[in-house]
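Input sequences plus hints: build the corresponding full structure.
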Amino acid sequence: MNNKILLSGNEAMGEAAIRAGCRFYAGYPITPQNELTAYMAKRMHQEKRIFIQAESELAAINMVFGASSTGARAMTSSSSPGISLKQEGISYMAGTQLPAVIINVMRGGPGLGNISSSQSDYFQSTRGGGHGDYFTPTLAPASAQEAAELTMLSFDMADYYRTPVLILADAIIGQMMEPLILPQKSTFTKKLAAKSWALTGADKRAPNIVRSLFLGEGMLQAHNEMLRKKWETIKNNEQRHEAYKTEDARYLIIAYGSQARIAIDVIDSLRKQNIKAGLFRPVSLWPYPEKALRQISKKIKKVFVVEQSLGQMIEDVRLSLPGEEIHFFGKAGGGIPTVEEIIKFVKRNY
Amino acid sequence: MNKVFTQSKSLRDIDTHYCPGCGHGILHRLVAEVIDELGLREKTIGVAPVGCAVIAYDYWSFDCTEAAHGRALAVATAIKRCRPNLAVFTYQGDGDLASIGLAETVHAANRGENLTCIFVNNACYGMTGGQMAPTTIIGQKTTTTPWGRSPSNGDGWPLKVSEMLAPLEGVCFVARATITNPNAVLKTKNYIKKAFCNQMENKGFSLVEILSPCPTVWQKEPTQAMRWIEEEMVKVFPLGVIKDKA
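Line order of the protein sequences matches chains A and B.
Letter by letter, the first sequence follows residues 1 to 350 of the numbering used here.
Letter by letter, the second sequence follows residues 1 to 246 of the numbering used here.
A portion of the hints provided could be inaccurate.
Said to hold, decoys possible - Once the Cα atoms are required to be at most 35 Å apart in a straight line, the calculated DSBU-like pairs of lysine-lysine come out as: (1) A:K195 - B:K203; (2) B:K193 - A:K204; (3) B:K3 - A:K42; (4) B:K43 - A:K230; (5) B:K43 - A:K195; (6) B:K43 - A:K191; (7) B:K43 - A:K190; (8) B:K43 - A:K42; (9) B:K43 - A:K185; (10) B:K203 - A:K48; (11) B:K3 - A:K204; (12) B:K193 - A:K48; (13) A:K48 - B:K243; (14) A:K48 - B:K43; (15) A:K204 - B:K203; (16) A:K195 - B:K193.
Don't read these hints as lab results, they were simulated from the structure.
Set out below in structure tokens:
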């Protein structure tokens, strides 16, 4: 039997969240992620879980903070300008070690920008985003299928490491309808512990306090050192990528999200012209899959980075491959690099 | 011998960091006493604000969380929805509740969230050194209104949050009290108790505003500060029950 169904990326992430046991969702309208909020409004009600249309993105993320503090699996979604507002809450959740899933279906910026697809929030997502020393694991789907799978994975990852996890999708991934098979369970294999830290009422135990404020001499420094160890563990454990025709490749295209889908056509076309090209697609943007990239790049002559931005991920490529010849092609503000343009760009520089 | 008084179980036995004459000590204790008397200590989640009461959870002995500045009622909304059988309350100052968090305050009230909100109005920002708050009264000197709050200077008028919230459908109970004498303290305690009882009976949003002294910022002796509330603040913020749907 064929279990395939047709969903947009936005809906696929919503359904995956339901299947992952998301008990609380709060959102605020913003294009191009509105289908996700509408989907949650309907499905959370059907499942007798909690949906709130918040008065702002600030309120939504702080509601997620509250829900998560009680031990409930909680999620919010938004798009670029709304995610900027959520940074306050994300920083607080990183500090208080509260798990949550935050979906960003990126649109053009800076400012109000436009509602076209974009990959311009890479820096914000992979460099902390809010104030303070912290990182958020960031996963970038390239299809509706993967959007569902990564959403399920992110709930487990968030609980295991006690951290907010970002799904960084571009508007194309969120809006595009594709056939997919909904995953039954997450691919995360580590065992999750009971949430003994959660606020449940201090019945027959000492009170639990959720806090990120540490005023005593040296206390915050110790807290930050503890967090540093956590980020390092995640960096070791959670690097994810996909490679396409890299075994014999001499030229490596690096792209994520919708741009990686376009790059596959580029590679097939270049190979027909006897140019041995391959694709490296980071799935985790933080931690950046640098170990795999270094391995794959050993036989590579030149690297081509394609982004729907003015060049953000390229900085992680440079950090991963010092001394390598790296070329960049990107468009910001809703422009989409075409297959022909990328082929031209590679041929110009190879 | 019969023991007729002990410290609340909901209150920890630790030194205070509050200034002499500050109202938070009395109010922390009233909240703790009410929670004890209603048998809720094991079934309570408190939400602390950003402001002088930022470490309120260090004084109380039940589950608590911090909230970002102004977001306490958004945080509390979700806690209560996820744990509807527990008593959930916020404890917020005027800057937190009436300025940076006004949107969260209005919308939690308007949704009729079944919560208890303790609103401590001391007409200034205390922790940051005494700036103008939305509730600063006309003519009151602060570090950011050095010549006194003046509407003609663009400072606006004192914001009467309780009167603003009372007409909203979702709001069950709003009362304003003070702690300037034993009688006023008892009245405040009764209001707080009612606000918790309302929640346990699923009656919706209850808010108790307390006019509370800040002798340090006001640059007054503690007794003078109490007198200033009775003589000046209550003229702007009249005491009593503003709404009671229960």
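Worksheet item: Can you give the numbers of the hints that this structure goes against, from lowest to highest?
Response: Hint 3 contradicted; others consistent.
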